[in-house]
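*Asks:* Going down the list, the protein sequences come from chains A and B. Residue numbers for the first sequence follow the working numbering, so the first one is 1 and each next one is one higher. Residue numbers for the second sequence follow the working numbering, so the first one is 1 and each next one is one higher.
Among these hints, one or two may not hold up.
Label pairs and their computed distance ranges (CB to CB) [claimed, not checked]: (1) A:D112 <-> B:A164: 30 to 38 Å; (2) B:L109 <-> A:Q228: 49 to 57 Å; (3) B:C129 <-> A:P397: 27 to 35 Å; (4) B:P139 <-> A:E403: 30 to 38 Å; (5) A:D303 <-> B:G115: 52 to 60 Å; (6) B:T101 <-> A:E403: 54 to 62 Å; (7) B:E58 <-> A:G240: 45 to 53 Å; (8) A:E353 <-> B:N179: 32 to 40 Å; (9) B:E183 <-> A:P397: 22 to 30 Å; (10) B:G115 <-> A:E382: 34 to 42 Å; (11) B:T135 <-> A:P301: 34 to 42 Å; (12) B:S181 <-> A:A402: 17 to 25 Å; (13) B:H163 <-> A:T180: 38 to 46 Å; (14) B:A165 <-> A:A249: 54 to 62 Å.
Hints in this document: simulated from the structure, not taken from any laboratory. Note that this is a predicted model, so its numbers are computed, not measured. Glycine residues also receive a C-beta, built at the ideal position from the N, C-alpha and C atoms.
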Amino acid sequence: MSQLNRRSFIKLAGSAGLLGLAGPPLLAHGATKARVVVIGGGYGGAIAAKYLRLADAGIEVTLVEKDPAFVSCPLSNEVLAGDRSIDSLTFGFDGLEGHGVKAVQGEVSEIDAANREVKIKGGGTLPYDYVVVSPGVDFRWDAIDGYDQAATEAMPHAWKAGPQTLLLRKQIEAMADGGTVFITAPPNPFRCPPGPYERAAQIAHYLTRHKPKSKVIILDHKTRFSKQGLFTAGWKRHYGDMISWVSGAEDGKVLAVDPKKGVLITDFSEHKADVANVIPPQRAGAVATRSGLVDDSGWCPVDQRTFESSIHKDVFVIGDSCVAGAMPKSGYAANSQGKVCAAVIAARVNGREPPEPSYVNTCYSLLAPDHGISVAAVYRYEDGNIVAVEGAGGLSPSDASAEIQQREAVYQRSWFRNVTADMFT
Amino acid sequence: MNTRNLLRLFTAAALLLAAVPAMAGDVDAAMVSNTCAGCHGTHGESVGAAPVIAGMSEPYLKSAMMDYKEGTRYSTIMGRIARGYSDEEIEAMAGFFAAQTWTPGKQELDAELAGKGGALHADKGCAMCHGPVGTAPSPTVPNLAGQFAEYLYYQMRDYANPHAAIPTTAMVMRPMCQNLSDEELMSLAHFYASQQ
Ligand SMILES: Cc1cc2nc3c(=O)[nH]c(=O)nc-3n(C[C@H](O)[C@H](O)[C@H](O)COP(=O)(O)OP(=O)(O)OC[C@H]3O[C@@H](n4cnc5c(N)ncnc54)[C@H](O)[C@@H]3O)c2cc1C
């Protein structure tokens, strides 16, 4: 948490005198042109806040984040391997304040779109002209029988980085040699499509060195997965038979759990796990649901050209929570969406037409410390949808040499440094 | 807010204005260029190892993107990215990044290696095209001074590799790099990177 300055991060929760907060304009010169509230200081929200200020310093931007600092999910699988500290994934909001963003700590209870205000838990409201919502995902607590909030203490999801990541790491470290780590992978759509499979590799990387008789078994809801060919070949090469994957078509769907006994239950079997990492099915962040921004799918429909909610005017939803055509739910996608959304709001504030949007995504995965793979795409807006540009993007080649695999691992860490600098400096 | 941020703000604002009006179908330079920042840093000011592209000369950035797009330059990822942009978009990005200020990459370097690299740079004729310390004397030659060492090393590995596609403009360096050992390539990379 080295980069966090607690003092400058105004604590909102429970404080009564909130009303004045959004009042005075941030810049001495020039009047405030508009007030924008950004909910969530992660991959989408931090970018939207910063790029709004870069586009027009006359826009007052207040970022509301419930946690004292942001912990990145990308590269958190390296924490499970013991190769990285959680501190290296933790970021404060000083850099954003340097851009004139007002960062406040508080949990948004809901957006009152009729009255154009954001309500903070424990009291207080923030009035807005536009609001950007980027709260990440929530879990479908009703999807797996027995998997509730309390169960996460015995069977961590570690799908939001922080204490859950450290808990899973502790369990893996405590496991005896010869034990079995189960990972349950959710149905589509979910945050970070290659994530569970990178996680299997990172856990196996640790086990190979410290507990070589152990196993990693992925019980999947799906019948295929992201970068499958590259993952399967990489697992085999680095970890032999340590990792196995059970397809949803072959009894891989976990329907219920017994956290006390460490048991995972599918249609036809019961698996006793030494460590159980349950990655539950997902939906839009809870604040989006509470604010009436989701449809029957559990996700937020938006105008994919602007990210304005199809349900509430002047409310924009970006990142994991929104439905963004061909784009996956990833950190880079949220970054790219944050920039499109910021440009749209800046254009509106200034009475201009928004620019033609352009979006990108790349997801790197680490199969081993010196073996990276990637999948990329460039997107445009066409007939109401975000579509991938044909002929661009795609996967790392399957016949890449060891030298190139190592380069991709270097560039994955480079991506992490640059994308977080883009957010927080 | 410090002066640097203020300056940046003004640059960004000026660029935004330059790109207006953006009618549907028009290319907005900031919009397309900001897509690159996830890997190359805000405004192209990479914190490494991906190359710094802020302040890169307009003709060089454009030719690099066209080479990636056409497959005449080997890359781990840039080919897949560059094929997603039209020639007009690449044109607009080249203008955007050329308007930024080159920020030398902060990195840990080996002074001894850098010293050896400096001697090689002078002895092997690199200075002919790259100037005495790697600062590009011509807009079609990239600036090496303050670029990230890892990236420069990879690039020279590709020049030496007969199976890696490189543009015709880089062909002169193929035999030169093939005649240098791996350690010598690394020394050169550390030398250029150390020219902050
Ligand atoms: C293990 C793992 C590995 C991953 N690896 C990669 C990768 O390599 N590359 C990649 O591109 N993506 C990766 N991802 C995906 C990436 O983490 C997400 O897609 C990304 O974080 C989405 O951004 P977001 O802004 O929607 O949500 P987040 O980044 O999660 O940000 C949401 C923020 O909102 C805050 N918040 C939520 N509700 C409220 C509220 N009511 N009030 C105030 N604040 C609130 C949260 O505390 C959080 O800080 C990975 C994910 C996982 C789990």
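*Asks:* Honestly, which of those hints from before does the structure not fit?
*Replies:* Hints 1, 2, 6, 8, 10, 11 and 14 not satisfied by this model.
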